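Colleague: Here are the chains, one letter per residue:
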Amino acid sequence: MSHALAFDIWGGWATTLAIKTVIVMALIPLAALILGYTFLLKMMSHMQSRLGPMDPGGFHGWFQLVGDGIKFIQKEDIVPAGADARVFKMAPAVVVLSTFLMFVVLPAGPRIKVVNLDVGIFYALAVSSLSVIGVLMAGWASSNKYALLGALRAAAQLIAYELPLVLAVVGVVVQAGTMSLQGIVVAQQTHGIFGWTGLGSPFILTQFVGFALFMVAAQAELTQPPFDMPVAESELVAGYMVEYTGFRFLFFFIGEFGTAFVYAGLAATLFLGGWSIPHVTGGAADVLGPIVLFVKIMIVAFLMFWARFTYPRLREDQLQALAWKWLIPIALINILVTGALKVAF
Amino acid sequence: MVAQNIAFGILAAIMVVGALRVVSTNNIVHAALWLVTVLAGGAGQFLLLGQEFVAWVQVIVYIGAVIVLFLFAIMLTHAPMHPTGKLNNDMRLWSVVPAVLLAATLAWVLIAEWGNDKIHLLRPVRTAEVGTVVFRAYLVPFEVVGVLLLGALIGAVVLARKD
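Quick note, the sequences are listed as chains B and Y, same order. When the letters of the first sequence are read in order and numbered with the numbering used here, they come out as residues 2 to 346. When the letters of the second sequence are read in order and numbered with the numbering used here, they come out as residues -10 to 152.
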């Protein structure tokens, strides 16, 4: 009896874990496809007065990126002759692993979640730093000067912008009184603005400085323009990705846009109330939550890609000065003010 | 408890193999990457002890920053793809002495202090509890460490500046 029970618990746990893993692994390429098609292919094209892909799939070229993906999978898996083959092959997997681990804590409804960790947002930022290792592995193992330079630029940039990213979130954590992402969403749903609870209390109103810092730092963490020094195509060909082809290059692409989706999701959860709609709870929130979250993610992603397609690239010294001389001091002042107000009220 | 012990055994085996590869590999970049395995294993051990916050601090500080700085420094100076010589030198036998001494001291301290204690853990330790302990019981040591690190930081800047 007790053996059968133990097996049941073990079986149930393992099955749940397997199902959740498969779902998240399917969501990452899907998220990358949606962002890549909507913003990289169509929005950028229209901002530059052109149409972008129109033919594949019939309707406004929606099939273009899926076709690209199929093409990448068919290509030969090339490892440069002088490369360190094992490290070279492992690097894209490390980058995607970091994206996968970040996805896990993003809640899409009161019960629509993979796991609700007590350390929530801190965990997400911790595993996001794993991608730097993957980038350095890729750049070094390629045995290519452009790749190595790109990887070094990436490492310097990601380390510099991790600090403002973490510090920008502290204000939200102080206000919500928890690091759990689910707890932060519920805090925004139930708190009010000076007693008025009609809209809940999206932290973008009280933590606008934190939101701005988070968006700038996230943009740099994603190595998107204007912070794309590591992959600057006019200087470094494609930085650490230059020797990659086929499905390993596809991994980097999925990692880049998948991570953009997660950062947009984190910003939506931390500052825009995540899946919550004021006064909607229970089953209705579970049904509407994913849709609400997706709409908010697309709005935040729109801001990120708008900046990406608008601003020219920063110089290395400007990039470092922005992080160390501006973002970090502003973030520290923000924490100080938030803490003081939290104690005062 | 059995599951925890099996997980501990697997993680410990991975950490030992990783640690041996760190000191035995001839490629200095590989050594740094093997160190990632050891530190990740350490984070896993913290998770087994229910210390979520400490585990992810281990990841963000050691893997996300310290190892990245190691790799950064190695690649900026000298990171050969195909090392020509061995990294070992004649001192490697002597290194056994401090290694054994350190292991013996740590084992002695742990066994003398907590030899027969058992950890009774019903749920993971919440971050709020960690924060309360740090900012109530250990506030003064915490602040002293903070000032010490700030001093080290300023010292490094002063030493590194040329003008």
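Treat the hints with care, as some may be off.
What the hints assert, rightly or not - Which stretches of chain Y does chain B cover? Using the computed rule of at least three CB atoms under 8 Å from a CB of chain B, they are: (1) 18 to 31; (2) 49 to 56; (3) 61 to 67; (4) 102 to 111.
Said to hold, decoys possible - Only part of the chain Y face toward chain B is listed, based on derived beta-carbon distances under 10 Å: (5) V114; (6) A117; (7) T121; (8) K151.
Said to hold, decoys possible - Straight line, CA to CA, 27 Å or less: simulated DSS-like cross-link-like pairs of lysine-lysine: (9) B/K21 - B/K114; (10) B/K90 - B/K43; (11) Y/K107 - B/K146; (12) Y/K151 - B/K326; (13) B/K43 - B/K21; (14) B/K146 - B/K76; (15) B/K90 - Y/K151; (16) B/K90 - B/K76; (17) B/K146 - B/K90.
No lab work stands behind these hints: they were computed from the structure. The model shown is predicted, which means the values in this text are computed figures rather than measured ones. Using N, Cα and C, we set each Cβ at its ideal position, and we do this for glycine too.
Colleague: None of the hints should be skipped; say for each whether it holds.
Modeller: A quick look at each hint next to the structure:
no., hint, result
1, 18 to 31, "holds (count 4)"
2, 49 to 56, "holds (count 5)"
3, 61 to 67, "holds (count 3)"
4, 102 to 111, "violated (count 0)"
5, V114, "holds (9 Å)"
6, A117, "holds (8 Å)"
7, T121, "violated (13 Å)"
8, K151, "violated (16 Å)"
9, B/K21 - B/K114, "holds (9 Å)"
10, B/K90 - B/K43, "violated (32 Å)"
11, Y/K107 - B/K146, "violated (54 Å)"
12, Y/K151 - B/K326, "holds (20 Å)"
13, B/K43 - B/K21, "violated (32 Å)"
14, B/K146 - B/K76, "holds (24 Å)"
15, B/K90 - Y/K151, "violated (41 Å)"
16, B/K90 - B/K76, "holds (15 Å)"
17, B/K146 - B/K90, "holds (18 Å)"
Comparing the model with each earlier hint shows violations of hints 4, 7, 8, 10, 11, 13 and 15; every other hint is respected.
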